[in-house]
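Residues per chain, in single letters:
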Amino acid sequence: MKTGLAIALMLILLVGCDQQNKRTLPKLGNRPLVERVVDGKTIVDTVDHQVADFAFRNQDSTLITEKTVAGKIYLADFFFTSCFTICPKVKKNMKRIYDKYQGSPDLLILSHSIDYRYDTVGRLAWYADKFNIKSDNWHLLTGSYDELLRMSYQYLLTAKEDDEAPGGFDHSGSIALIDRQRHIRGMYDGTDTASVNQLMLDIELLLQE
Amino acid sequence: MKKSIVFLVLISSFFGVALSCNDGTKTYREGAILYETHCESCHMADGTGLEALYPPLAQSDMLRVMGATTACAIVNGMEGKIIVNGVEYDNKMLPIKGLSTVEVTNIINYINHAWGNENQFVPLQAVQKALEDCSPQK
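Chain order of the listed sequences is A and B.
Throughout the first sequence, residue numbering follows the numbering used here, covering 1 to 209 in sequence.
Throughout the second sequence, residue numbering follows the numbering used here, covering 1001 to 1138 in sequence.
Everything labelled a hint here was simulated from the structure, so no lab data went into it.
Glycine included, C-beta positions come from ideal geometry on N, C-alpha and C.
Hints should not be assumed to be uniformly reliable.
[Said to hold, decoys possible] For each label pair, taking beta carbons as the anchor points, the in silico distance ranges come out as: (1) B:Gln1128 with A:Ala55: 53 to 59 Å; (2) B:Glu1036 with A:Ala125: 29 to 35 Å; (3) A:Asp48 with B:Lys1092: 40 to 46 Å; (4) A:Leu201 with B:Leu1124: 46 to 52 Å; (5) A:Leu201 with B:Met1078: 53 to 59 Å; (6) B:Phe1121 with A:Asp106: 49 to 55 Å; (7) A:Arg180 with B:Phe1121: 18 to 24 Å; (8) A:Gly168 with B:Cys1134: 24 to 30 Å; (9) A:Gln208 with B:Leu1124: 55 to 61 Å.
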């Protein structure tokens, strides 16, 4: 009788552990309403926020679009090369992720420069060289201000011109984690080592999805 | 009389011990706080900088020979190519505004002795002199 109880308890514990291992990441962002026709009736439903299509140039002047990230997990963030506030720290933390996944076809990093005037393709190429990163996994992106602003909303990241801010741009130090279907699955503080450690764990989780 | 001499010896040895306990972390505390506020974003908490974008201050051959002229870099910023530990850096360092000469001195002495650095101690007078010689910057 007692043995049976003990075995039952152990089973419950095991099941409990198993459920913990199957932690899934939420899908973030506004869920827009859509109308669908089901069995001849029009119903209103919500869908998950999916990052919109985009087109930017990277440090090699290559066109980078939603096709570049199709079926891949990627990180998105905003920065600028002459930023002396939080950017260097965020980049140092992101470099740890780059070093771990360098050469992997499954994980990309898209760092958008909000300084659309100064950070030309040439300036981004200089930065990539000095930062010692390659465009196989890490794209430094530039485009029109409107396009950058539009995509910052898509990624739920702050990035805008602001004369009051140091360097002339106001932007968050957050990193967005995007899954293979372009859903936002997490937001992390790029200046915080612990938060970036969590991001690295969550990347592993997404890679197994 | 004898008692007071013994007392004096005891007191002075106490202060001697207290002074010898006064390690870098205490002496350069203000410098450390100022470093965190003004320098850490680029040169990092461990003084290692960032790749070939921001030069290291820890074990930096350039910092070792700069002495009091480090004050010029802090107050006026830096521009143009420099070579630190064999790596070429070509980035712009913005001037740090609003620091007093004492604060600049404290930053220099903090970075000169942090992260295992064993660079020279730079006195306030030397920093004053250096700042007179390097300014105004072109």
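The hints, checked one at a time:
no., hint, in the structure
1, B:Gln1128 with A:Ala55: 53 to 59 Å, "56 Å, holds"
2, B:Glu1036 with A:Ala125: 29 to 35 Å, "32 Å, holds"
3, A:Asp48 with B:Lys1092: 40 to 46 Å, "43 Å, holds"
4, A:Leu201 with B:Leu1124: 46 to 52 Å, "49 Å, holds"
5, A:Leu201 with B:Met1078: 53 to 59 Å, "39 Å, violated"
6, B:Phe1121 with A:Asp106: 49 to 55 Å, "52 Å, holds"
7, A:Arg180 with B:Phe1121: 18 to 24 Å, "57 Å, violated"
8, A:Gly168 with B:Cys1134: 24 to 30 Å, "28 Å, holds"
9, A:Gln208 with B:Leu1124: 55 to 61 Å, "59 Å, holds"
Checked against the numbered hints listed earlier, the structure breaks hints 5, 7; every other hint is satisfied.
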